[in-house]
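Peer 1: Read in order, the letters of the sequence shown correspond to residues 1 to 265 in the working numbering.
Heads up, some of the hints might be wrong.
Dumping the calculated DSS-like pairs for lysine-lysine here, alpha-carbon to alpha-carbon at most 30 Å [claimed, not checked]:
hint	residue 1	residue 2
1	Lys148	Lys131
2	Lys206	Lys36
3	Lys63	Lys148
4	Lys63	Lys112
5	Lys220	Lys44
6	Lys131	Lys49
7	Lys112	Lys132
8	Lys77	Lys51
Calculated from the structure, these hints are not laboratory results.
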Amino acid sequence: MDKATYLKMKEERAQAIEATKHARESFCYECHRLQKNCLCSFIKPFDTKFKFIILMHPMEAKKEKMGTGRISLAMLKNSGMIMGVDFTEDKEVNDLINDPNNYCMTMYPGEKSINVSEHDVTPIQNLFNDKKNVIVFLIDGTWPCAKKMMRLSKNIRALPRVSFTATHTSIFEIKEQPAEYCLSTLESIHFFIQECNRRGIEQTFKQEDQMIIVFQEMIKFQMECALNPSLSSYKRGSKLGYSKKEDRKKAKKWLNKTRSVILPG
Numbered sequence: 001m002d003k004a005t006y007l008k009m010k011e012e013r014a015q016a017i018e019a020t021k022h023a024r025e026s027f028c029y030e031c032h033r034l035q036k037n038c039l040c041s042f043i044k045p046f047d048t049k050f051k052f053i054i055l056m057h058p059m060e061a062k063k064e065k066m067g068t069g070r071i072s073l074a075m076l077k078n079s080g081m082i083m084g085v086d087f088t089e090d091k092e093v094n095d096l097i098n099d100p101n102n103y104c105m106t107m108y109p110g111e112k113s114i115n116v117s118e119h120d121v122t123p124i125q126n127l128f129n130d131k132k133n134v135i136v137f138l139i140d141g142t143w144p145c146a147k148k149m150m151r152l153s154k155n156i157r158a159l160p161r162v163s164f165t166a167t168h169t170s171i172f173e174i175k176e177q178p179a180e181y182c183l184s185t186l187e188s189i190h191f192f193i194q195e196c197n198r199r200g201i202e203q204t205f206k207q208e209d210q211m212i213i214v215f216q217e218m219i220k221f222q223m224e225c226a227l228n229p230s231l232s233s234y235k236r237g238s239k240l241g242y243s244k245k246e247d248r249k250k251a252k253k254w255l256n257k258t259r260s261v262i263l264p265g
């Protein structure tokens with residue numbers, strides 16, 4: 001083999017190695033994950049009487065390509081997402097509120113909130129009987145951001161409120177929740193639909209349980225990433241890759257067990 005042939009073969013081998021090294025893996029643009037980690041096979045959309053509008057903080061929208069809010073959107077046929085912080089002057093939000101065919105509510109605790117777990121739900125049932133489009137707004141952001149969004153958005157804050165009484169703790173092990181009764185966006189919607197089924201104002205025939213299956217797959221993936229040293233999400237210094245719930249210390253402001261919070265971060 002002459003020198004020219006040898007150098008050519010060496011260059012071709014180097015190019016082949018470089019091409020393999022930087023080869024892009026297949027990407028799913030539906031769930032914003034690599035094809036090997038795709039969640040789409042678990043996502044089975046279903047319909048609801050309620051229309052859920054998720055008000056997503058810009059930070060949440062950019063950071064979480066397929067977080068609990070986006071999984072909820074993918075699962076719920078009758079849903080939508082509006083991004084922002086202060087929705088007081090938001091045209092899309094105000095058009096929904098001002099449409100006489102709609103009856104809008106905010107899922108958020110309050111003294112006059114209709115608790116679908118405990119209160120008389122006849123007023124909500126009557127809305128459906130009157131052929132109203134019942135719209136439920138949910139705030140999706142970190143806990144501090146959600147509080148700020150609610151405070152700034154005068155139109156959302158002024159709406160009638162709907163809530164529920166959580167009877168279980170969040171399964172979002174890898175993420176810190178301020179209190180035992182705090183649920184993620186997806187879990188809040190799931191439990192709300194469950195309670196509405198129990199009270200006779202929804203009929204989804206347990207299709208909402210698929211939301212939890214997708215959620216569990218998402219959590220499983222995040223935990224695997226936390227244990228992988230080759231990824232930027234690797235959590236050094238912990239055998240689990242994340243802290244156990246019982247080992248975490250709550251901030252003082254969340255130690256008051258009577259504090260009523262439903263919406264997630």
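Peer 1: If a hint holds in the structure, say so; if it does not, say that too.
Peer 2: Comparing the hints with the structure gives:
{"no.": "1", "hint": "Lys148 - Lys131", "verdict": "violated, 33 Å"}
{"no.": "2", "hint": "Lys206 - Lys36", "verdict": "holds, 28 Å"}
{"no.": "3", "hint": "Lys63 - Lys148", "verdict": "holds, 18 Å"}
{"no.": "4", "hint": "Lys63 - Lys112", "verdict": "violated, 34 Å"}
{"no.": "5", "hint": "Lys220 - Lys44", "verdict": "holds, 19 Å"}
{"no.": "6", "hint": "Lys131 - Lys49", "verdict": "holds, 10 Å"}
{"no.": "7", "hint": "Lys112 - Lys132", "verdict": "holds, 21 Å"}
{"no.": "8", "hint": "Lys77 - Lys51", "verdict": "holds, 9 Å"}
The structure does not agree with the numbered hints 1 and 4 stated previously, though it agrees with the rest.
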